[in-house]
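Going down the list, the sequences are from chains L and Y.
Under my numbering, the first residue of the first sequence is numbered 122, with each subsequent residue one higher.
Under my numbering, the first residue of the second sequence is numbered 42, with each subsequent residue one higher.
Just so you know, the hints here were simulated from the structure itself, not pulled from any lab data.
Nothing here was measured: the structure is a model prediction, and the numbers come from that model.
Glycine included, C-beta positions come from ideal geometry on N, C-alpha and C.
Take the hints with a grain of salt, since some may be wrong.
[Claimed, not checked] Derived contacts from chain Y toward chain L, CB cut-off under 7 angstroms, selection only: (1) C106; (2) G312; (3) N348; (4) F350; (5) I363; (6) G366; (7) V375; (8) I379.
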Amino acid sequence: MSTPPNNPPNPSQTPSVPTPVASMPTPVASMPGTAAPQSGLNSISLPPRSAQTENWLKRRRFATDMTVTGLSILSTAVVLLPLVAILGYLLFKGASSLNWAFFTRVPAPVGQSGGGMANAILGSGVILGLASLIGIPLGIGAGVFLAEYGRGGVFGNIVRFTADVLNGVPSIVMGIAAYALIVAHQHHFSAFAGGVALAIMMVPTITRTTEEMLATVPSSLREAAFGLGVPKWRTILSVSLRTASPGIITGCMLAFARVAGETAPLLFTALGNQFWSAKLNQPIAALPLQIFVYAESPYDEWHRLAWAGALVLIVLIMVSVTLVRIFANRGVLKGGQ
Amino acid sequence: MPEFGSIPVPATQTGTPQPKTGGTLEPATVPAAVAAPPSEVRKYLREQSSGAAIDSTFAGLMVVCALSVIFIVLLIVFVLVANSKLSIHAFGWKFFGSSNWDPVNGSFGALPFIYGTVVSSMLALVIAVPLSIAVAIFVLDICPLPLRGPIAFLTELLAAIPSVVYGLWAVFVLVPIVRDQLGPWLVKTLGWTGFFAEPNFGVGILTASLILAVMIFPVICSISRDVMRAVPSSQREAALALGATRWEMIRMSVLRNARIGIVGAVILGLGRALGETMAVTMVIGNHPDITKNLLNPAHTLASVIANEFSEATGDLYLSALIEIGLALFLVTIVVNAIARLLVWAVTRNSARATA
Chain L
122 MSTPPNNPPN
132 PSQTPSVPTP
142 VASMPTPVAS
152 MPGTAAPQSG
162 LNSISLPPRS
172 AQTENWLKRR
182 RFATDMTVTG
192 LSILSTAVVL
202 LPLVAILGYL
212 LFKGASSLNW
222 AFFTRVPAPV
232 GQSGGGMANA
242 ILGSGVILGL
252 ASLIGIPLGI
262 GAGVFLAEYG
272 RGGVFGNIVR
282 FTADVLNGVP
292 SIVMGIAAYA
302 LIVAHQHHFS
312 AFAGGVALAI
322 MMVPTITRTT
332 EEMLATVPSS
342 LREAAFGLGV
352 PKWRTILSVS
362 LRTASPGIIT
372 GCMLAFARVA
382 GETAPLLFTA
392 LGNQFWSAKL
402 NQPIAALPLQ
412 IFVYAESPYD
422 EWHRLAWAGA
432 LVLIVLIMVS
442 VTLVRIFANR
452 GVLKGGQ
Chain Y
42 MPEFGSIPVP
52 ATQTGTPQPK
62 TGGTLEPATV
72 PAAVAAPPSE
82 VRKYLREQSS
92 GAAIDSTFAG
102 LMVVCALSVI
112 FIVLLIVFVL
122 VANSKLSIHA
132 FGWKFFGSSN
142 WDPVNGSFGA
152 LPFIYGTVVS
162 SMLALVIAVP
172 LSIAVAIFVL
182 DICPLPLRGP
192 IAFLTELLAA
202 IPSVVYGLWA
212 VFVLVPIVRD
222 QLGPWLVKTL
232 GWTGFFAEPN
242 FGVGILTASL
252 ILAVMIFPVI
262 CSISRDVMRA
272 VPSSQREAAL
282 ALGATRWEMI
292 RMSVLRNARI
302 GIVGAVILGL
312 GRALGETMAV
322 TMVIGNHPDI
332 TKNLLNPAHT
342 LASVIANEFS
352 EATGDLYLSA
362 LIEIGLALFL
372 VTIVVNAIAR
382 LLVWAVTRNS
392 ARATA
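So that you can see chain L by itself, here it is in the shape it has in the complex (with noise of 0.2 angstroms):
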């Protein structure tokens, strides 16, 4: 037999239980309809048993059940404790050291004090939207493919195993893929390189629910499409994609909340920069890459300034998932369900 798992605690009892159930269906499935009464479970013919044995094997049974529940109570605050740690530790570190100059003023030089981040706010800016401009577009496309042109077919579950693997990758070798095929040509690090790394990492997420948003748009709407002659192109662009609207959107802000955080493809693409600088062309300064290198740093002022970063950061990331909660309650396929 095999074992699931998280065993009971008692390991003896395994064998005893499942004994007196696997010999019940029978008299329970010979009288259909006629209402069981409560004891029913005593008076099926069993091998015989004391009264002592049979209240002491409930007893225990129902006691694992409590043990059961009140270990996994226990284990869903232990896992929500570090995140109600992480949470109020970063707003009282960050709320503390945020200030009006850390939206305004570039990083000041070591042993200076103030300056602020706001070169690299706006350099997160530039790289994500250039991720957004070349991932999202690329992402509904093969979702659009998935969903009303390859289902089924062979070609269409090759792209989508292959969308399930990009999504694995770990964001270190897409860095290290976007140096040695943008930065080692042009021979210096760039907001391109990075944009272009971070919508590689868009594209999957993108797709993947794009194709299961599509696939719940209901088929007569297509067919009422195709019933009064519209072709296929705009039946897709002006029906499917209208109707599946809500969870697309919802599928490009999961993907730009994760890539908004990403700090490994940046190493060695965008590298981060100390002044103003938005040209693509150029290093460009990031927030996540900021805090990285700040929280590494032995300056008291830089971690000051790498809790505020984070913050920013944070608030960032949640607005955008809070959207996406919204999007997904208010969404027309959650009543279509």
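With chain L fixed as given, assemble chain Y onto it according to the hints.
Leaving out everything else, chain Y in the frame of chain L:
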């Protein structure tokens, strides 16, 4: 695909074959077609409205998007292989068996990083798996309904926190705890096993595993919850109707039926742990050592790339780092493919059962 664009008009009014009209119908053209044989103008209009050209262009565009996904993966593989050729030729398979990492003398071996990656990921799984399955069970079958949404939302939030923020928190909160409280306690009580010994700097495999466990928890928890939800409720009801307690019901009908999918979820978590970079780099101590002391600083495949890539001098050094990246890429692909197949096997069966 193009047959949807052209719908034949019912040929009841006339005996002549009706022109096929598609696209947005133009009422003005229909009577003209009935009256006269197709003219040049008519042909032009028909082509315009049938949209066959646009239709195939659009389909082609979508195919290009889909192809690009495959193209990207192939390109990544190609680029990694091409750039690590130098190191592959120089060291061959010995690269993965040698524990000598000496950039100054141009001698490279990846064993310490493989060791660090495997040990930290496994330890993270040991911590995270029981907790995530317990929480999945709690949220699905035990939790009172009003609490279910908020808890699911909180676990989703855990997934949304970026890796670098986990790292920041670990550096300033977790490292002092391990250094001053957890570490000394482990050395005192479990020091005899040899896994915990001084010196204890707070940074090391244990700290990295702890933060990894927090990070992979949402992945395992949400996927195993999905898999458990896919178990038909008739299974649960059957167990309950036979007088099973709640735990017996969960064990016999939910966990038994979902076990392959749960294994898939765990492997997906492993894939995430193997490739995790930033948080691990910040707390693992970055020292290529192979010891069984879990409090010792170490290195993982991802952290060595993050640390040394931008300062790597010399083509061989760079190529050795890219080969490490290639190894990481291939391992995570295999791990993820296995996991996806397992999860897919379960959810597909359940979809067929309910259909």
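Quick rundown of the hints versus the structure:
1. Checking C106/Y against chain L: minimum C-beta separation of about 3 angstroms stays under 7 angstroms; hint holds.
2. At about 5 angstroms, the closest approach between the beta carbon of G312/Y and any beta carbon in chain L falls short of 7 angstroms, and the interface hint on this residue holds.
3. At its closest, the beta carbon of N348/Y sits 9 angstroms from a beta carbon of chain L; the interface hint therefore is violated under the 7 angstroms criterion.
4. Interface hint status for F350/Y: upheld, as the beta-carbon distance to the closest one in chain L is roughly 5 angstroms, under 7 angstroms.
5. At about 6 angstroms, the closest approach between the beta carbon of I363/Y and any beta carbon in chain L falls short of 7 angstroms, and the interface hint on this residue holds.
6. Given the 7 angstroms rule on beta carbons, the hint for G366/Y holds: about 4 angstroms separates it from the nearest Cβ of chain L.
7. A distance limit of 7 angstroms between C-beta atoms decides the matter here; for V375/Y the minimum to chain L is near 10 angstroms, and the interface restraint is violated.
8. The criterion of a C-beta within 7 angstroms of any C-beta in chain L is not met by I379/Y, whose closest approach is roughly 11 angstroms, and the hint is violated.
Hint compliance for this structure: hints 3, 7 and 8 are not met, and every other hint is.
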